[in-house]
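Enquirer: Please put together the full structure from these sequences, using the hints given.
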Amino acid sequence: IAGITQAPTSQILAAGRRMTLRCTQDMRHNAMYWYRQDLGLGLRLIHYSNTAGTTGKGEVPDGYSVSRANTDDFPLTLASAVPSQTSVYFCASSRTGEDTQYFGPGTRLTVL
Amino acid sequence: GQNIDQPTEMTATEGAIVQINCTYQTSGFNGLFWYQQHAGEAPTFLSYNVLDGLEEKGRFSSFLSRSKGYSYLLLKELQMKDSASYLCAVRDGDYKLSFGAGTTVTVRA
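Protein chains in written order, with the numbering used here: chain A, 60 to 171; chain B, 94 to 202.
Just so you know, the hints here were simulated from the structure itself, not pulled from any lab data. Think of the CB as a built atom: it goes at the ideal place given N, C-alpha and C, for glycine as much as any other residue. Any given hint could be a false lead.
Simulated coverage check for chain B against chain A, where a stretch passes if three residues somewhere in it have a Cβ under 8 Å from a Cβ of chain A [said to hold, decoys possible]: (1) 131-139; (2) 143-151; (3) 165-178.
A few chain A residues that don't get close to chain B, going by computed Cβ distances all over 12 Å [to be verified]: (4) S126; (5) A138; (6) T145; (7) T155.
Okay, the calculated beta carbon distance ranges per label pair [as the list claims (entries may be wrong)]: (8) G99/A - S158/B: 46 to 56 Å; (9) T110/A - G186/B: 38 to 48 Å; (10) T68/A - M173/B: 23 to 33 Å; (11) R77/A - F122/B: 37 to 47 Å; (12) M173/B - S143/A: 29 to 39 Å; (13) D145/B - S143/A: 36 to 46 Å.
Expert: Structure representation (structure tokens):
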């Protein structure tokens, strides 16, 4: 079934630990995005990639890094997790940077 | 940056109509999106407006006025399954989406 998958579904993490959230899409979309969603704040863009091999910073990039080695995968890494990174993380993709974005199921991350 | 405002909560009766307003101030404009998000699930695309006017898609319609920085999502013949959050998102001059905090709609029998 075509779409976007994210892993893990949820995770509890100790502060200071490194964590990589995985995102894979099989729609051959060129553009991919990472958002975090916090109560009362809505979705905020962390990083994006318009095509494989390129990445860019969104509204809240500090403490996060991404890579885009191929079209399908767009992992998000927290180098040293802090409690303020407790959130629900959504990956999204679009055919190009100018098309409608479609979202993955999300990863619920708790940093203690 | 973007400033996107929408009401926090709305309640309506099954079979009724509800209108969710969204006002925005942006640096550049390349379209306005509405997404539906059920609790614990991913946002799903509902509608897209880039020109002024009304776009109708079944029970859902979306309106845009670029000069007023205003949009609304109209939900007709409400059903219980329409209970969800509705997210207004504006695409800026760099084609990046900024989201409002969302409007939680509760449909009551």
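Enquirer: Each hint should be assessed against the structure and marked as holding or not.
Expert: Now the hints, each set against the structure:
no., hint, in the structure
1, 131-139, "holds (count 5)"
2, 143-151, "violated (count 0)"
3, 165-178, "violated (count 0)"
4, S126, "holds, 20 Å"
5, A138, "holds, 24 Å"
6, T145, "holds, 16 Å"
7, T155, "violated, 9 Å"
8, G99/A - S158/B: 46 to 56 Å, "violated, 27 Å"
9, T110/A - G186/B: 38 to 48 Å, "violated, 19 Å"
10, T68/A - M173/B: 23 to 33 Å, "holds, 26 Å"
11, R77/A - F122/B: 37 to 47 Å, "holds, 39 Å"
12, M173/B - S143/A: 29 to 39 Å, "holds, 36 Å"
13, D145/B - S143/A: 36 to 46 Å, "holds, 40 Å"
In this structure, the hints that do not hold are numbers 2, 3, 7, 8, 9, in rising order.
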